[in-house]
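K.L.:
Listed below are the residues making up each chain.
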Amino acid sequence: VTWLAWRALVLIVRHEGFLIATALHLTVLAAFVLVWGGGVPVWRDDPVLTQFLRVDMVLLAMILPWVAIRCSPDEGPNSLAQLAATTACRPSRIVVAKAAGTAAALMIIALSALPMFVLTQQISALPASMVWQALLPVVALAGMVAALAVVANVCLESRFSSWIVVTVATVVTVSLVPTTVKVAEMLAVVALATIIMTTAADRRLRYLSESEQV
Amino acid sequence: MYGQVQALAGVSLDVARGECLGVDGAAGSGRTTLLRILATLVRPTSGDVVVDGQDVRAHLFEIRKRVTFVSATSIVGDRLLVEEHARFVAETRTVNRNGGVAASVRQALRRAGLAPGARLESLGSSDRMALALTTGLLAKADILLLDEPFRPLVGSRRALFGEWLTEVNAAGTTMVIATGDDDDARRLCKRVLRLAAGTVVEEPS
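These protein sequences, in sequence, are chains A and B. So the first sequence is numbered by my numbering: it starts at 1 and just counts up by one. So the second sequence is numbered by my numbering: it starts at 1001 and just counts up by one.
Next up, chain A with everything else stripped away, as it sits in the complex:
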């Protein structure tokens, strides 16, 4: 499983879109700190760190699904079934490893903003432990997007529809769920997605599809 996860990670990180997404993420956040380093006037009651986290979550909700779908190799059900046979691994292990590798890649993007989290914590004059607390939903978001992307990859035919479904699910979670329950909710989605992908994979990815066979 470690090698399968490593493979998924390498294949995403080497895609040119991964660099573009990381650069875009950092540029927008840096611009936020530069322009609203003293705090956004309409969010005056919240510390800058909280405001920064809010912006980062919205940004990641749009960037991460794109990276998870677009930068992953175009491995549909047939490729995954083939990979399972080549490596003699159960398809469920293949998809769990793929989700783990994808989550690792997404966490690289999410955690690339760590220096700016520290900077906004300093500006807010909050204890350093608040940085780790603020990073928790960011890491959970990366895990949730990775799990959803792999489930969509197994269950849906087209990458475009996968991207739409994952983006909508992520944006809804980030914007509608209250911050206090967000991490727990996202981890619940990860757990549910893992159950779906493991049970579906061993059934759906056992053999090549008929269209591939002819």
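Keep in mind the hints are simulated off the structure, nothing from the lab. Everything numeric in this text was worked out from a predicted model, so none of it was measured. Some clues are possibly wrong.
[What the hints assert, rightly or not] A few chain B residues that face chain A, going by a derived Cβ cut-off under 7 Å, partial list only:
(1) Val-1042
(2) Arg-1064
(3) Ser-1074
(4) Gly-1077
(5) Arg-1079
(6) Glu-1091
(7) Thr-1092
[Claimed, not checked] Over the 12 Å line for every Cβ pair with chain A, so calculated as not near, a few chain B residues:
(8) Gly-1010
(9) Asp-1014
(10) Ala-1016
(11) Arg-1017
(12) Ala-1090
(13) Gly-1124
(14) Asp-1181
(15) Arg-1187
[Said to hold, decoys possible] Far from chain A, by Cβ distances over 12 Å, these chain B residues were calculated:
(16) Val-1067
(17) Asp-1078
(18) Ala-1112
(19) Ala-1139
Backbone N, C-alpha and C fix where the C-beta goes; we use that ideal spot for every residue, glycine too.
Add chain B to chain A, keeping to what the hints say.
P.N.:
Relative to the frame of chain A, chain B by itself:
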């Protein structure tokens, strides 16, 4: 059966342990389907396939650990390097890890004449098949199923892999080689099964 298409009908054969069986036939004769069924990649709609007394439907995942299927489409993940792909397959299939995987991968790539640092997406068809064969051989499975292994190979590679496969077969690996070229099959295998339109037209003797 694939929908309304009957790909194979009435095919019955036994392959002894350590044997090399050739499957010869034109495109569309059902030879790839036969290999995919043996590799557990395709579920037969009727009939039985048994490996060492185990039914392939009931013991699919156990049987896959003992079987390697090599075809031009076995390589996926174009952004990997040649050495990374070979190491990945070898590591996932190796049961006994004594730190020798990396060294045996490098040695195998050298023997196959493959550049370890080349990207998979830059490989031509000869290099791709050479890599598929190399990783298939690195997997050290009991049963090796080869789909058209020689057609894409150019230059001295045909002879090189012919020799390599002969060595592996002599060491006890069972092989089934599907090919559209009767000479390739006869060069390596004493018995050749001939297929046409999904049926056996010549039994292996």
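K.L.:
Tell me if the interface restraint on B:Arg-1079 is satisfied: Cβ within less than 7 Å of some Cβ in chain A.
P.N.:
holds (4 Å)
K.L.:
Go through the hint on B:Val-1042 and say holds or violated, using the shortest Cβ distance to chain A against 7 Å.
P.N.:
holds (5 Å)
K.L.:
Grab the minimum beta-carbon distance between B:Val-1067 and chain A and tell me whether it stays above 12 Å.
P.N.:
violated (8 Å)
K.L.:
For B:Asp-1181, is the shortest beta carbon distance to chain A beyond 12 Å?
P.N.:
The assertion about B:Asp-1181 holds, with a minimum of 23 Å to chain A.
K.L.:
Against chain A, with CB atoms and a cut of 7 Å, does the hint on B:Arg-1064 hold up?
P.N.:
This interface hint holds because 5 Å falls under the 7 Å limit.
K.L.:
Measuring Cβ to Cβ, find out whether B:Arg-1017 lies farther than 12 Å from everything in chain A.
P.N.:
Given that every Cβ of chain A is farther than 12 Å from that of B:Arg-1017, nearest at about 19 Å, it holds.
K.L.:
Taking the closest pair, is the beta carbon of B:Ala-1016 still more than 12 Å from chain A?
P.N.:
Holds: least Cβ distance 23 Å, greater than 12 Å.
K.L.:
Check the non-interface label on B:Asp-1078: least C-beta distance to chain A beyond 12 Å or not.
P.N.:
violated (7 Å)
K.L.:
With d taken as the least Cβ-Cβ distance between B:Gly-1010 and chain A, does d exceed 12 Å?
P.N.:
The claim holds: B:Gly-1010 sits with its nearest Cβ about 19 Å from chain A, beyond 12 Å.
K.L.:
Was B:Ala-1112 rightly flagged as not at the interface, with every chain A Cβ beyond 12 Å?
P.N.:
holds (17 Å)
K.L.:
Determine whether the non-interface label on B:Gly-1124 survives the test: each CB of chain A must be over 12 Å from its CB.
P.N.:
holds (20 Å)
K.L.:
Taking 12 Å as the cut and beta carbons as the points, is B:Arg-1187 off the interface with chain A?
P.N.:
Given that every Cβ of chain A is farther than 12 Å from that of B:Arg-1187, nearest at about 26 Å, it holds.
Hint check: violations occur at hints 12, 16, 17 and 19; the rest are consistent with the structure.
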